[in-house]
Amino acid sequence: MNPFWPERASVYAGHIDLLMWAFTGVVALLAGPVFLLILWFAIKYRRGQAADREHVIDQSMWIEVSWAVIPFVLTVGFFVYAAWIFVGLQRAPADALTIDVVAKQWMWKFQHPEGQREIDDLHVPVDQPVKLVMTSQDVIHSLYLPALRIKQDVLPGRYTSLWFKADRPGTYRVICSQFCGLDHSVMGGRFIVMRQADYARWLATSQVDASLAGQGKALYARLGCGGCHDARSAVRAPSLVGLAGQATPLQDGRVVTADAQYLRDSVMAPNRDVAAGYPAAMPTYANLIGEDQVTALVAYLQSLAPARSGAAS
Amino acid sequence: MSPVHRPETVEEQQSYLRAGHSLRSWLFSTDHKRIALLYLISISAFFFVGALAAAAIRLELVTPQTDFLTREGYNRAFTIHGIVMVWFFLIPSIPAVFGNFLIPLMIGAKDLAFPKLNLLSWYIYVLGGIFVLYTLAVGGVDTGWTLYTPLSTQFANGHVLTIAAAIFIVGFSSILTGLNFIVTIHTLRAPGMTWGRLPLFVWSHYATSVILVLATPVLALALVLIAAERLFGLGVFDPKLGGDPLLFQNLFWFYSHPAVYIMVLPAMGVVSELVTAAAHKRIFGYVFVAASSIAIAGVGFVVWGHHMFVAGQSPYASVVFSFLSLVVAVPSAIKVYNWTATLYKGDISLDPPFLFAMGFIGLFVIGGLTGLMLAMLAVDAHVHDTTFVVAHFHYIMVGGAVTAFFGALHFWWPKITGRMYNLVWGRIAAALIFLGFNLTFFPQFVLGYLGMPRRYPVYPPQFQWLHDLSSAGASILGVAYALPLVYLVWSLRRGPPAPANPWEAFGLEWTVPSPPPKHNFDTPPVVTGPAYDYRLKTVRKRR
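So the protein lines, in turn, are chains A and B. Each residue of the first sequence is one higher than the last, beginning at 1 in the working numbering. Each residue of the second sequence is one higher than the last, beginning at 314 in the working numbering.
Derived by calculation from the structure, the hints in this document are not laboratory data. Hints should not be assumed to be uniformly reliable.
[Unchecked claim] The calculated lysine-lysine pairs, modelled on DSS-like cross-linking and capped at a C-alpha distance of 27 Å, are:
1. A:Lys-131 - B:Lys-658
2. A:Lys-217 - A:Lys-104
3. B:Lys-553 - A:Lys-217
4. A:Lys-44 - B:Lys-658
5. B:Lys-553 - A:Lys-109
6. B:Lys-658 - A:Lys-104
7. A:Lys-131 - A:Lys-217
[Unchecked claim] Covered by chain B, per the in silico footprint, the following chain A stretches (three or more residues, Cβ under 8 Å):
8. 8-20
9. 59-70
10. 145-154
11. 175-181
12. 228-239
Note that the structure is a prediction, hence the values are computed from the model and not measured. Here a beta-carbon is modelled for each residue, glycine too, at the ideal position from N, C-alpha and C.
Using the sequences and the hints, build the whole thing.
Right under this line is the structure:
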């Protein structure tokens, strides 16, 4: 490994490195004259040294305006470019492979759509957009993949996401970068970018009972969700078939999109946003199941919709 | 220097230092100069506490595993380092010591507007400090100085409540000092000391005071909410209780970003004085340097979101905060360019105060420009929460503010104590601090870009050589910071008496004897010309 430059696992990482180098060049251009002039003046005009000290001025509007404006103009373009690619980081392509992430003190749980789970290590296929949908079971963590030059904080009670396309197979690092308590510094593992065939083989050899949606279906049955939500149920509760991704009117008149965040909150804090026309009768499951199980339930509900819609933005 | 104890001079016998010899005459003094010295002693003690914690951190990081401290111990070490250095050293440092001592002298006043309030603010500082020492004695705290929720409210098992109380209490000391300065600058200026003639040190303290008064209450509020959630389970920040964890970050950074300017604006004021005095020439662009302090204080209130680019904040808010963070760099750049222009055709003394000022400019420029890198959204997504950020803010707060603090100490020491120190040792200390600082923190930029997270006592072995460079630099820095303590204390007994104006500088504080009499001015001064009017003196051309 190059001791001065971090490994690069994506084209995007190359853009960031280039941006850093170019900007470093510009700031050297802005700071260099200051350093050189201060030293030069300090030597040339030091006390006791004969020098021309006549005709000094102590103000000039033009000089002030130029050194206020020129550096600004030289740097603002970099800010626009950096903002542009950052905003792009928020929008995953439609064909991205979604991997769910649950962080807890002090481990990472990754759940692949076909149901494979892993802890601390993350396997992903090369050249395939991957979207991580992340939440935390306890405090704030941050998923940091230095080889891709990206990170995103992982919050309790909320889904945040991050997407990337790795294009160089290899083993890199997964890091928690937001201080999260005692074992913060060892909360991490390997980030393994695999050739697509290898990834498929890895998925196949990982022991799995069911896909993520399948696990959610089993959980749905085990928790007895159907007792209220199934069509033939005696209790009046909204049907969940086809709900995911739909506009859903709420009791207080708002209309929300039933995205992953809404579905999660409806399980963990059901009385926060009650569907219009139904009593607020559902108990919370926050004390019964963890975020990884909620993720499976959400995947199941999304599988009942026409297509699995993107998770919360 | 002859090794004899030099007897007191007439000026010393008539000075504030001899106006009462009892402990009581110091602890109940309302003289701004004596209170400044009380602050100097107490913040130096806390600087020592914070420095010990820093030494523990750098020692632990010599190897990739934990060996000297446990992980828990490391977490507690960097937490107490941050809390002590930010609230018990940096924020009071220049304002409470040099602002206190100099503002009345610079504007031609007898004292601050509220001398008793000034003494009260020192007692409040001490009370806050006692809470810190208590927290340390019972085992410390493990949240980081940022106290992020819900870690601090629901999960941390250190002494969060007592440290929150310490910060809450010391905040009132800041507020009272800021209030005192604002009223003093408005009401106690000598005849003829118009706003356009105020020394730039006073302008920057005015801007600082506005931030102290407006921002500190928000921190106090956030700390009360932490206590309410931790004690009573009030659901403010923890989502399990129905709260919002990011609310805390918004409140915290709404104070803590302007707090960076609380630390660096007074430093800039010091450097403006040091540069123009060393050059014996009126500062270039007085109006722009003064106005840029106000601009920094104003715009500084609307950039806090740049601490939250990857926190889950709306990306569009992040774009706005990124742009405003570029805007706030402009007034800082104006200052740096004006200082440089001031040196042109100057008559420059290469004495210790000027060397510290040059050190400040160099380190502040690096700190500021790396701050621009961090303000770029996509770059921040990589280096946020790495040692790159640690290096950046240490360049501003240590390379900048602490270097300026030492510059101020070396510039006004003859005025404060009436004694000259050894200038050769002063130059050596200035050079060592500059070298030691760069060796400590420059490697951390590289480490951060390589992906070294902050607050990690455990790291991949390939980072070790950079960490070792940093730790080696820290030991040089430790010696360099201790050095002035030796020759400055030495100067108290053996240093030659200082004349009223040893640096041939311009300013009302140099017209009174060194050390000044208790009431500062025998006859109230009348100001008749602009600040830094060095044309009044003929520029000396020795030899």
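Worksheet item: Any of the earlier hints contradicted here, and which numbers?
Response: Hints 1, 6, 12 contradicted; others consistent.
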